[in-house]
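Using the sequences and the accompanying hints, generate a full structural model.
Residue numbers (this note's numbering), protein chains in the order written: chain A, 3 to 123; chain B, 3 to 123; chain C, 3 to 123.
Hints listed in this document are in silico derivations from the structure and should not be mistaken for laboratory results.
One copy or any two copies: either way a pair holds, since identical chains are not told apart in the list.
Within a straight-line C-alpha distance of at most 25 Å, the following computed SDA-like cross-link-like pairs (lysine to any residue) qualify: (1) K20 to F59; (2) K82 to P37; (3) K82 to Y114; (4) K18 to D97; (5) K18 to E52; (6) K20 to A96; (7) K18 to Y121; (8) K18 to R28; (9) K18 to D103; (10) K82 to G120; (11) K20 to G60; (12) K20 to D40; (13) K18 to G33; (14) K18 to G120; (15) K82 to P4; (16) K20 to S58; (17) K20 to L34; (18) K82 to S102.
These are the residues of each chain, in order.
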Amino acid sequence: MPLIQVDLDRQLWEEKGKAISGAIQRAQVEGLRIPAEDLFHVFRPREAGEIVFHPSFGGVERRSLIVIRVVFVHEHPVVKHKYAFYEAVAREFADLGIRSDDIMICVTENTYEDWYAGYVN
Amino acid sequence: MPLIQVDLDRQLWEEKGKAISGAIQRAQVEGLRIPAEDLFHVFRPREAGEIVFHPSFGGVERRSLIVIRVVFVHEHPVVKHKYAFYEAVAREFADLGIRSDDIMICVTENTYEDWYAGYVN
Amino acid sequence: MPLIQVDLDRQLWEEKGKAISGAIQRAQVEGLRIPAEDLFHVFRPREAGEIVFHPSFGGVERRSLIVIRVVFVHEHPVVKHKYAFYEAVAREFADLGIRSDDIMICVTENTYEDWYAGYVN
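Now the structure itself:
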């Protein structure tokens with residue numbers, strides 16, 4: 003049960019929100035090996051100025067920023083799965099015209115008993 | 003000092019927001035054994051389409067979704083307290099007409115020095 | 003790459019949002035010893051009633067609440083840096099007329115492989 007929370011420019015949300023959600027879910031299925039039905043996304047469209055970033059920190063060329071917060075259970079082999087997920091997000095977003103430089107993903111992990119979704123694990 | 007962050011449909015917020023906040027706080031007092039005054043909630047009403055979920059993943063019947071993110075300090079006996087909290091949220095929400103199938107709770111833990119609230123622990 | 007997520011009253015955001023972002027970044031540079039360019043902030047202005055708190059829990063006099071969620075990599079000497087960060091936020095905010103009693107900071111930590119920002123660590 004990964005939980006995805008996305009803050010992104012309102013215009014991007016209005017133009018491509020549904021496609022972005024689909025892209026993230028395909029990336030989760032590919033990278034994190036979850037079922038496609040394991041779908042829990044929250045989108046928070048933001049107005050101009052509400053996402054603050056530096057245009058070139060880390061050596062990339064950042065023009066905008068879509069911030070993806072992910073929480074999932076700590077499992078093995080987690081590093082391999084994480085990198086596969088990031089790569090899949092970048093590839094899927096490229097198909098939508100979103101540059102990898104404009105993506106931030108931040109993961110935190112928890113454990114099975116940290117989730118309730120109408121039932122406990 | 004648990005921090006509660008809730009994303010929920012705007013209509014639900016407008017109709018029952020105050021009651022939902024009270025219900026969560028009572029569930030925290032009962033399950034997590036905190037004082038009622040230890041109250042830190044953020045509500046983020048969402049428009050149609052901003053909360054994305056599958057209607058039946060996990061074998062429940064999901065019609066809507068209220069997403070409750072909780073951060074609190076890792077303490078013992080934490081598993082027992084967590085499950086008591088989930089159960090209390092589901093029970094309290096039922097009194098408000100919110101089905102347990104439409105609830106997601108996601109907890110992450112940190113430690114005492116991770117908090118500032120006008121003072122440090 | 004700390005990620006800063008701030009929920010605050012819309013009026014405060016509109017009057018002082020840019021200055022608040024600058025203040026948090028200076029506090030990060032001072033306390034967490036990051037470069038000024040390591041800048042990733044999300045602001046979520048909130049309407050009346052969406053931030054719920056107790057006016058005196060913990061012995062402070064809370065009139066309003068600005069909630070700062072921070073995620074950064076677990077590093078040493080982390081406790082010292084955290085406290086320095088909190089102190090710097092409180093001092094910087096005082097210069098903007100924001101009382102320390104009205105600040106909540108909540109940190110969670112993760113690790114290097116939990117981040118993507120156009121590249122992996």
